[in-house]
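Enquirer: Based on the hints, put chains Y, C and U in the right spot on chain A.
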Amino acid sequence: MISDYLAEFFGNKYLGYLVSAALPLFMWILPYALYAVYAERKVSAFMQDRIGPNRVGPKGLFQTIADILKLIQKEDIVPASADKLLFVTAPYVIFAGTFAAFAALPFSSVYIGSNIDLGVFYIMAVSSFSVIGILMAGWAGNNKYSLYGAMRSVAQIVSYEVPALLALVTAIMVIGSLNLNEISQMQTSRFWNWWIFGGPVDGIQKFLYIFPMIVAFLIFFIASLAEVNRTPFDIPEAESELVAGFHTEYTGMKFAMFFLAEYGNMFVVSAISVSIFFGGWQSPFGYLGNSIGINWLIPVEQVFWFLFKGALLVLIQMWLRWTLPRLRVDQLMSLCWKYLTPYAFINLVIVGIITLIK
Amino acid sequence: MAELKTDQIVLNMGPQHPSTHGVLRLEVVLDGEVVVDVIPHIGYLHRCFEKHAEAMTYPQVIPYTDRMDYLASMYMNFGYVEAVEKLMNIEVPERVKYIRVIMGELQRIASHLVAIGTFGIDIGAFTPFLYCFRDRERILDLFEMTCGARLLYNYMWIGGVSHDLPPEFIPKLKSFLKDFKKSLKELNNLLSYNKIFIDRTANIGVLPADTAINYGCTGPVLRGSGVNWDLRKNDTYSIYDRFDFEVCIGKGEMGTIGDCWDRYMVRVREMEQSCRIVEQAIEQLPDGDVTSAIPKRVKPPVGEIYFRVESPKGELGYHIVSDGSLNPFRVKVRAPSFVNLQILPIISRGHLVADIIANLGSLDIVLGEIDR
Amino acid sequence: MKQYLRNTWLGIYTILVGMKVTISHLFKPKVTIQYPDVRVQLPERARNRLYVNMDDCIGCDQCARACPVDCIEIETVKAVPGEDLGTTSNGKRKALWVTKFDIDIAKCCYCALCVYPCPTECIWMTDVYEFSEYRREDLIYHFSTLTPEEALQKKLNYQKFEAEKARQKAAQAVASNPQSKQDSGNQN
Amino acid sequence: MTAQEILEIIKQKFPDEQFELKENIGGEILIVPSSILRELCFFLRDDERLCFDVLMNLSGLDLANGEKKKLEDGTFEIVGGHLATVYHLHSMKYNHKLTLKVLLPREKPVVPSVERVWRVADWHEREAFDLFGIIFEGHHNLKRILLPEDWEGYPLRKDYKVQEFYQGMKVPY
Chain A
1 MISDYLAEFF GNKYLGYLVS AALPLFMWIL PYALYAVYAE RKVSAFMQDR IGPNRVGPKG
61 LFQTIADILK LIQKEDIVPA SADKLLFVTA PYVIFAGTFA AFAALPFSSV YIGSNIDLGV
121 FYIMAVSSFS VIGILMAGWA GNNKYSLYGA MRSVAQIVSY EVPALLALVT AIMVIGSLNL
181 NEISQMQTSR FWNWWIFGGP VDGIQKFLYI FPMIVAFLIF FIASLAEVNR TPFDIPEAES
241 ELVAGFHTEY TGMKFAMFFL AEYGNMFVVS AISVSIFFGG WQSPFGYLGN SIGINWLIPV
301 EQVFWFLFKG ALLVLIQMWL RWTLPRLRVD QLMSLCWKYL TPYAFINLVI VGIITLIK
Chain Y
1 MAELKTDQIV LNMGPQHPST HGVLRLEVVL DGEVVVDVIP HIGYLHRCFE KHAEAMTYPQ
61 VIPYTDRMDY LASMYMNFGY VEAVEKLMNI EVPERVKYIR VIMGELQRIA SHLVAIGTFG
121 IDIGAFTPFL YCFRDRERIL DLFEMTCGAR LLYNYMWIGG VSHDLPPEFI PKLKSFLKDF
181 KKSLKELNNL LSYNKIFIDR TANIGVLPAD TAINYGCTGP VLRGSGVNWD LRKNDTYSIY
241 DRFDFEVCIG KGEMGTIGDC WDRYMVRVRE MEQSCRIVEQ AIEQLPDGDV TSAIPKRVKP
301 PVGEIYFRVE SPKGELGYHI VSDGSLNPFR VKVRAPSFVN LQILPIISRG HLVADIIANL
361 GSLDIVLGEI DR
Chain C
1 MKQYLRNTWL GIYTILVGMK VTISHLFKPK VTIQYPDVRV QLPERARNRL YVNMDDCIGC
61 DQCARACPVD CIEIETVKAV PGEDLGTTSN GKRKALWVTK FDIDIAKCCY CALCVYPCPT
121 ECIWMTDVYE FSEYRREDLI YHFSTLTPEE ALQKKLNYQK FEAEKARQKA AQAVASNPQS
181 KQDSGNQN
Chain U
1 MTAQEILEII KQKFPDEQFE LKENIGGEIL IVPSSILREL CFFLRDDERL CFDVLMNLSG
61 LDLANGEKKK LEDGTFEIVG GHLATVYHLH SMKYNHKLTL KVLLPREKPV VPSVERVWRV
121 ADWHEREAFD LFGIIFEGHH NLKRILLPED WEGYPLRKDY KVQEFYQGMK VPY
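In order, the protein sequences belong to chains A, Y, C and U. The numbering of the first sequence is my numbering, which starts it at 1 and goes up by one. The numbering of the second sequence is my numbering, which starts it at 1 and goes up by one. The numbering of the third sequence is my numbering, which starts it at 1 and goes up by one. The numbering of the fourth sequence is my numbering, which starts it at 1 and goes up by one.
Chain A extracted, bound-state conformation:
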């Protein structure tokens, strides 16, 4: 889609691919990561009766930029007995896993990286790619704490794929298509047509879908929290036990890369649940562009709504982080296998029965 449009624009096909790949990175991920870190610190500060960064720039807006500059000039230590190759590539592998998922995310009806028909399947496959990076980071640091962190995160992310996929399968069973762009299009622009409220289907089935879809969303949201290592599942880098988990030995830009990957991953996960459950780039109350007749405004609005809903879910993840304590490793496993997966199966069966009624 966008890549061949850019190919004609630049004349050279590969330049077009390059620009279309770089577009989401520079246009959205980097500024988003900067201001997500700032938002997290501000939100956590306000929740804890303090003010948070307000010195660097107006209201502290340049704080994260100052942090990045600080991290850049910090010495990039590689421990002596570290496995150099793994140590250096680990952060980039994790970020690659996150960045690859942006290809299939529908930012608006016009702009989508590559409109593949297996959008959901592709994203879930790619986002579990970062587990290898975490394992590499944990093992290469040659530090007992990071080894523990890595072992725990592998167990956690791999086992939380199951409820996440089950929740998505129940949603896909209702929606019928795996292509994310199509899914967003089917949820026409009134919010009660969103899939979480039963989708554009009419009649009794719509009301029967509502409850299972909400349960599916909750399961997917909790499972995605675990995949992104956010509280209450931030066991791999539990500061109170494992000092800093798998990224204990990292300093300088590599540490910043971990941060970028974490926040990027947070957005990917919330973008998936937005495009499947909350009507992707559909605006809840119709488009301004329609009512005042400028039709080139509509894609811009769609991008805005998509990013707005994604950011909202990211804020909820931050809200959870500053409220809940941390689960222990075995409780984490029992939550996944004893609670989330059974509920996901039951939900799957219920939705299956409802689709038969039609």
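Hints may contain errors.
[Unchecked claim] Capping the alpha-carbon separation at 25 angstroms, the derived lysine-lysine pairs in DSS-like fashion look like this:
hint: 1; chain 1: C; residue 1: K2; chain 2: A; residue 2: K338
hint: 2; chain 1: U; residue 1: K70; chain 2: U; residue 2: K101
hint: 3; chain 1: Y; residue 1: K251; chain 2: U; residue 2: K93
hint: 4; chain 1: Y; residue 1: K86; chain 2: U; residue 2: K22
hint: 5; chain 1: A; residue 1: K42; chain 2: C; residue 2: K30
hint: 6; chain 1: U; residue 1: K170; chain 2: U; residue 2: K158
hint: 7; chain 1: U; residue 1: K93; chain 2: Y; residue 2: K233
hint: 8; chain 1: Y; residue 1: K296; chain 2: Y; residue 2: K86
hint: 9; chain 1: C; residue 1: K30; chain 2: Y; residue 2: K185
hint: 10; chain 1: U; residue 1: K70; chain 2: U; residue 2: K108
hint: 11; chain 1: C; residue 1: K30; chain 2: A; residue 2: K59
In short, the hints are calculated from the structure, not lab data.
Expert: For chains Y, C and U alone, kept in the frame of chain A given last:
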């Protein structure tokens, strides 16, 4: 399949670790995630308090007692000063007794707030820590208003206190107590009854009552195991018999009796009791001069005494031997955290790595007191 | 099975209650103040940096003895009878030149045990708490008002007076018992 | 139950040992010979009339009552005299207290360990060994607890001289 050749790993939770509450090295022998044995190594913060005390005069030792348990230094003064007064049998004016009880109980609330805040961080919840410290700040302001310092007070002297309460102390104290009850309820909602918090602390680090007594544990650790033993009630010192408050013990609501949750909950309920004591003490506060009974030169007769008080961490005992000169011949301090830390290996065997930190947090130890 | 459902319900309910608490704090007034611009107003008894008012100091060394960490060093020289050293604020006549009055504030433990024994209340704790230095030696405050030369001069002055007094006493001893005049005579 | 009655009960159990009850401001002190200490402590804990189930505090003491010998570099060294260990016992059931004191010769301060009787004594004994050099035989790992393992000398003795260098670091600043 032949038994996989697994090896035990020795993990050093070294002196510099985010959750060892000070400079304590835990040598943890792990089999995978399961703890085989924990060997605490202490002594990193040893400042030879007992050797110093032999070279100082009696009043000069008071600033040193502050620095043993720097989170409850008002009670450290309280214990030392009452011990020397009993040695010299000085009779302290009534107002001083009431001021000492008010200050002691406020210090207990402040010390428990730190204990609960850091216990929350060990479990992973960061926000309660800040709420606890916001309330603790108000107590520190009250202390600073009276004796000039926020953490190490040197406020209680042998025979009296250094300053009388300033006029605006009582109104500020009353408003603090009112707000504190609300924020305590909020803390319970946020942390105490949170399902994840309960999962992480119930049935963890269970300490049966008889082992607790045999290991000499005291304070919230002992009461968490269901033993109704509080020095303020059972071995009454000063004027604690004039106030009615109840001793809160662990009842095993969320798991077995004597687990981490019980020890935590005993501290939360003890704070409410301390508020009650402070309120009663404010009403009965007589007036009078606070520095009248302070002797110019402190020269106790020959003899030795062991006097103990209920500090926020447990039973704090002073064994003072005096040879009739101006300097104490020997001052031995029985620090509650020194004894409570001994049971960490007993309650952590068979648990996971994360539970050692929870156990350590529930014991509420302070390294300044352990290493002296 | 019932326990299973109860666990799930308890989990969801307590998490929502906790979230309600944190979100309610989002709009509450903040407690922190912006330190360099806004400063906390310290109570008047605040114990921070030591200050000695040298006009009142009579060099009695009480504070140095009371200090548990011995961070106060005082050296005094007796005044020659002729000199007038002025009087302290409460009218006591001063008899000692305080040639050296150093407080090593880096060693001070801010216990204020030195403030109470001072007869003329010339040492007390101010509420200045921003006095960090780059070099540790700068933390040794010299309160004595005499310049080093003056101090030296006072010492020499006193030694000269001392020697002269000794000679007088020797001469006077000679006068008192004449027969020992010869042996003391050839002594000096 | 006053110390006198407790002494009667102990005398019935250990008739041929000689005990001495010393008057003191903070309560009577029972001087006990070190040979029978462990049996006495077991008896004190298990006898239902006494049941001292809590060892409140165990502290080492340097009585410094030997004769002082001047050394050439101005410091003094005590020869002879006694070290002592003081045991403060308490019974939760009857809420009465007892203080035991064991006098030990300065050259060979050996006392049986009461770690088996009250587990709390483990670290207290290690601390007394660390700071006084009192050897508790029967203690499962009598090592220094507060000071580094290879520190010479016992700091809380009255005639303690600080070592000049510790692993190359100058000690007295």
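Enquirer: Confirm or reject each hint.
Expert: Hints, verified against the model:
1. K2(C) - K338(A): 14 angstroms, holds
2. K70(U) - K101(U): 29 angstroms, violated
3. K251(Y) - K93(U): 21 angstroms, holds
4. K86(Y) - K22(U): 18 angstroms, holds
5. K42(A) - K30(C): 12 angstroms, holds
6. K170(U) - K158(U): 22 angstroms, holds
7. K93(U) - K233(Y): At roughly 14 angstroms apart (the allowed maximum being 25 angstroms), K233(Y) and K93(U) satisfy the hint.
8. K296(Y) - K86(Y): 17 angstroms, holds
9. K30(C) - K185(Y): 20 angstroms, holds
10. K70(U) - K108(U): Given pair K70(U), K108(U) holds - Cα atoms ~22 angstroms apart, limit 25 angstroms.
11. K30(C) - K59(A): The given pair, whose Cα atoms are some 15 angstroms apart, holds under the 25 angstroms limit.
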